[in-house]
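Enquirer: Here are the chains, one letter per residue:
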Amino acid sequence: EPEVTQTPSHQVTQMGQEVILRCVPISNHLYFYWYRQILGQKVEFLVSFYNNEISEKSEIFDDQFSVERPDGSNFTLKIRSTKLEDSAMYFCASSGHYDNQPQHFGDGTRLSIL
Amino acid sequence: KQEVTQIPAALSVPEGENLVLNCSFTDSAIYNLQWFRQDPGKGLTSLLLIQSSQREQTSGRLNASLDKSSGRSTLYIAASQPGDSATYLCAAKRREYGNKLVFGAGTILRVKS
Numbered sequence: 660e661p662e663v664t665q666t667p668s669h670q671v672t673q674m675g676q677e678v679i680l681r682c683v684p685i686s687n688h689l690y691f692y693w694y695r696q697i698l699g700q701k702v703e704f705l706v707s708f709y710n711n712e713i714s715e716k717s718e719i720f721d722d723q724f725s726v727e728r729p730d731g732s733n734f735t736l737k738i739r740s741t742k743l744e745d746s747a748m749y750f751c752a753s754s755g756h757y758d759n760q761p762q763h764f765g766d767g768t769r770l771s772i773l
Numbered sequence: 002k003q004e005v006t007q008i009p010a011a012l013s014v015p016e017g018e019n020l021v022l023n024c025s026f027t028d029s030a031i032y033n034l035q036w037f038r039q040d041p042g043k044g045l046t047s048l049l050l051i052q053s054s055q056r057e058q059t060s061g062r063l064n065a066s067l068d069k070s071s072g073r074s075t076l077y078i079a080a081s082q083p084g085d086s087a088t089y090l091c092a093a094k095r096r097e098y099g100n101k102l103v104f105g106a107g108t109i110l111r112v113k114s
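Sequence lines, in order, name chains D and A. The numbering of the first sequence is my numbering, which starts it at 660 and goes up by one. The numbering of the second sequence is my numbering, which starts it at 2 and goes up by one.
To be clear, the hints were calculated from the coordinates, so they are not data collected in a lab. Remember, it's a predicted structure, so these values are computed and weren't measured experimentally. Some hints here could point you the wrong way.
[Stated by the list, open to error] Straight-line distance between alpha carbons at most 25 Å, and here's what the computed DSS-like set of lysine-lysine pairs gives:
1. Lys716(D) <-> Lys742(D)
2. Lys113(A) <-> Lys737(D)
3. Lys701(D) <-> Lys742(D)
4. Lys69(A) <-> Lys742(D)
5. Lys701(D) <-> Lys69(A)
6. Lys69(A) <-> Lys113(A)
7. Lys113(A) <-> Lys716(D)
8. Lys701(D) <-> Lys737(D)
9. Lys716(D) <-> Lys701(D)
10. Lys737(D) <-> Lys69(A)
11. Lys737(D) <-> Lys716(D)
12. Lys43(A) <-> Lys2(A)
13. Lys742(D) <-> Lys113(A)
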């Protein structure tokens with residue numbers, strides 16, 4: 660069964676450094692998302708991406724965050740200058756042609772900011 | 002603003018028992034509701050998706066129902082097994098352009114053998 664893949668599984672970075680989290684969505688999907696889950700808290704929406712542009716973003720997704728689909732397969736989340744509070748599990752998700760289809764999630768990248 | 006609540010926060014049952022997990026949402030204008038399973042340190046596995054026009058969906062031993070008017074969904078697990086032990090999350094989506102999901106905090110299920 661097709662799946663969403665994320666790399667790396669764990670990223671450790673010094674505060675202030677830039678990180679790029681990578682995702683390969685399911686190949687025929689058109690909607691892409693990033694969510695995060697701080698330890699012990701709910702999964703929170705960050706951003707959705709459709710037709711090569713951001714369709715919605717949360718208040719968490721400020722100027723230090725950006726997303727990109729650099730080619731036909733990858734979808735990336737960049738955090739420009741990381742803060743301690745960015746430590747979380749980051750999940751990529753994708754869904755199919757229509758907005759009434761389920762979102763499928765990857766296994767996540769655990770980001771630890773030191 | 003949509004708020005999603007799940008009760009109970011944790012549940013421990015003996016193997017073979019039928020059980021019900023509850024999810025409530027404050028905004029009844031949902032487009033659909035999705036149930037997930039999360040194993041420790043892992044991603045979210047989609048279990049069932051119920052559209053707003055549907056009352057229930059079934060997959061194997063799982064049955065999810067939706068009552069928009071009361072703002073509730075339930076996940077019924079029949080004949081529970083130790084392998085069902087995980088955190089179960091529900092997430093609601095409004096019909097809006099971004100398609101974001103709003104998640105509950107989850108129910109931690111432990112099925113004892």
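Enquirer: Confirm or reject each hint.
Expert: Results for each hint:
Distance check on the hinted pair: Lys716(D) and Lys742(D) sit about 19 Å apart at the alpha-carbon level, within 25 Å; holds. A C-alpha spacing of about 42 Å is found between Lys113(A) and Lys737(D), which places the hinted pair above 25 Å, so the restraint is violated. Only pairs whose Cα atoms come within 25 Å are accepted, and Lys701(D) paired with Lys742(D) is accepted, the gap being roughly 20 Å. Between Lys69(A) and Lys742(D) the CA atoms are separated by roughly 40 Å; this puts the pair beyond 25 Å, and the hint is violated.
For the hint pairing Lys701(D) with Lys69(A), the CA-to-CA distance comes to about 22 Å; that is within 25 Å, so the pair holds. Distance hint between Lys69(A) and Lys113(A) is unfulfilled; the C-alpha atoms sit about 33 Å from each other, more than 25 Å. A distance of roughly 41 Å separates the Cα atoms of Lys113(A) and Lys716(D); the hinted pair therefore is violated under the 25 Å criterion. The straight-line distance between the Cα atoms of Lys701(D) and Lys737(D) is roughly 22 Å, inside the 25 Å bound, and the hint therefore holds.
Between Lys716(D) and Lys701(D), the direct Cα distance comes to roughly 17 Å. Compliance with the 25 Å bound is thereby established for this hinted pair. This hinted pair does not check out: Lys737(D) and Lys69(A) have alpha carbons roughly 37 Å apart, beyond 25 Å. A threshold of 25 Å between alpha carbons decides the hint, and for Lys737(D) with Lys716(D) the separation of about 14 Å falls inside it, so the pair holds. The suggested pairing of Lys43(A) with Lys2(A) is violated, with an alpha-carbon distance near 28 Å, which exceeds 25 Å.
Our distance criterion of 25 Å between C-alpha atoms is broken by Lys742(D) and Lys113(A), whose separation comes to about 41 Å.
Hints 2, 4, 6, 7, 10, 12, 13 from the earlier list are contradicted by this structure; the remaining hints agree with it.
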